[in-house]
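Student: The lines below spell out each chain.
There are 2 protein chains.
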Amino acid sequence: MAPKYKLTYFNIRGRGETLRLLFHAAGVEFEDNRIKQEDWPALKDKMPQKQLPVLEIDGKAQHCQSMAIARYLAREFKMYGKSSLEAFYIDEIVETVGDLYQEGTKAMFEKDTAKKAELMKRLGEEVIPRSLGFLDTLVKKYGKSGFAVGSQISLADIVIFTIIEAVMAKEASQKFPKLSENLKKTEENPKIKKWLKERPKTDL
Amino acid sequence: MAPKYKLTYFNIRGRGETLRLLFHAAGVEFEDNRIKQEDWPALKDKMPQKQLPVLEIDGKAQHCQSMAIARYLAREFKMYGKSSLEAFYIDEIVETVGDLYQEGTKAMFEKDTAKKAELMKRLGEEVIPRSLGFLDTLVKKYGKSGFAVGSQISLADIVIFTIIEAVMAKEASQKFPKLSENLKKTEENPKIKKWLKERPKTDL
Numbered sequence: 002m003a004p005k006y007k008l009t010y011f012n013i014r015g016r017g018e019t020l021r022l023l024f025h026a027a028g029v030e031f032e033d034n035r036i037k038q039e040d041w042p043a044l045k046d047k048m049p050q051k052q053l054p055v056l057e058i059d060g061k062a063q064h065c066q067s068m069a070i071a072r073y074l075a076r077e078f079k080m081y082g083k084s085s086l087e088a089f090y091i092d093e094i095v096e097t098v099g100d101l102y103q104e105g106t107k108a109m110f111e112k113d114t115a116k117k118a119e120l121m122k123r124l125g126e127e128v129i130p131r132s133l134g135f136l137d138t139l140v141k142k143y144g145k146s147g148f149a150v151g152s153q154i155s156l157a158d159i160v161i162f163t164i165i166e167a168v169m170a171k172e173a174s175q176k177f178p179k180l181s182e183n184l185k186k187t188e189e190n191p192k193i194k195k196w197l198k199e200r201p202k203t204d205l
Numbered sequence: 002m003a004p005k006y007k008l009t010y011f012n013i014r015g016r017g018e019t020l021r022l023l024f025h026a027a028g029v030e031f032e033d034n035r036i037k038q039e040d041w042p043a044l045k046d047k048m049p050q051k052q053l054p055v056l057e058i059d060g061k062a063q064h065c066q067s068m069a070i071a072r073y074l075a076r077e078f079k080m081y082g083k084s085s086l087e088a089f090y091i092d093e094i095v096e097t098v099g100d101l102y103q104e105g106t107k108a109m110f111e112k113d114t115a116k117k118a119e120l121m122k123r124l125g126e127e128v129i130p131r132s133l134g135f136l137d138t139l140v141k142k143y144g145k146s147g148f149a150v151g152s153q154i155s156l157a158d159i160v161i162f163t164i165i166e167a168v169m170a171k172e173a174s175q176k177f178p179k180l181s182e183n184l185k186k187t188e189e190n191p192k193i194k195k196w197l198k199e200r201p202k203t204d205l
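So the protein sequences, as listed, match chains A and B. Residues in the first sequence are numbered consecutively from 2, following our numbering. Residues in the second sequence are numbered consecutively from 2, following our numbering.
If you are wondering where the hints come from, they were derived from the structure by calculation, not from laboratory data. Any given hint could be a false lead.
Which copy? The list can't say, so a pair holds if one copy fits it or any two copies do.
With a Cα cut of at most 27 Å, we get these calculated DSS-like pairs of lysine-lysine [to be verified]: (1) 194 <-> 79; (2) 117 <-> 179; (3) 141 <-> 61; (4) 122 <-> 107; (5) 186 <-> 198.
Go ahead and model the full structure; you've got the sequences and the hints to work with.
Tutor: This is how it looks when you write it as structure tokens:
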């Protein structure tokens, strides 16, 4: 019997959207459990690392760490490459995206106004163009027919799509031909297209 | 024929030691290419993301992103669990260690003296104990006979060992029985023991 998946996260895209996109792209059913901010304090202590997202499998084991969950789902859904080398290429992209996500959140959540302005400027002028350049090179090196790695959709396409949304870099990405082609390919995937249309509209 | 591996990194443990430990634990030969700080500016622009470590396979493809390299080597060396679920458990540990590494480097490399003092205090009093607690729970849940996950050495044992060294948390780890048992198990592995004795002594 197919496992019963329950994904618990806040009602934002954040660190949960990569996981939701994996489920939707693979056409695998899951409970998209979105908790309200006011219910979080009561739930927090029950979560393995007092953080979300958390994946529950068959109502029992609870697992945390979004990118560990992403890799597991990608492996189960055959979206982790066709060989150990392809999985390596996918991981290179995942980690490159992870670096950008880290810089992005550091800037966006900085509380000091002056420091935030400085970090946001650096993000837009240096960090994003540099990271998108790296991703463009990786997609050119590893992908075929618009896919990020190999010739089918994988975790790599999903994380690229997610990060571009997260750091609002759609416009910046248009300077990078291979990356733009890849983003278009992901958006045109019928299952993803359907999800993008249906999903709750949130700010983050 | 066995692939020819060349690992390029600085002459520090840093982000390279996990990879070196994987090679040594697996008993796989590799070129441990340690570059001098003064040679870095000339080399930097030739590296895929202007960063180290970089892994070269058979003198051709150069790959970056230390944790992508670590996962590839672990997979090739049969140190990534015996099933997709065990790989998931290993990744939960890898990502938990990654969070701690990030907090650790943020504190250690902060330039502002007052801010650094504050971050180091928080690291020692809150971040390290919390993370070690998470790791202790994960090892208890997933490991057998002292191993972090399953009943043989894996990437999980290696990253736990590396992070404890990196954030100087050996003493703090002694409060956590499962984690201490695991660290001891790793240190007693004959191949690792040999490497720890032979390796260049460096500050970081």
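Student: A separate judgement is required for each hint: does it hold in the structure or not?
Tutor: We went through each hint and held it up to the structure:
1. 194 <-> 79: So residue 194 and residue 79 pass the 27 Å test inside one copy only (20 Å; across, 38 Å).
2. 117 <-> 179: The answer is neither: 31 Å in one copy and 41 Å across copies each exceed 27 Å.
3. 141 <-> 61: between (41 Å within a copy, 17 Å between copies)
4. 122 <-> 107: Classified as both: same-chain Cα gap 12 Å, cross-chain 20 Å, threshold 27 Å.
5. 186 <-> 198: within (16 Å within a copy, 51 Å between copies)
Hint 2 from the earlier list is the only one contradicted by this structure; the remaining hints agree with it.
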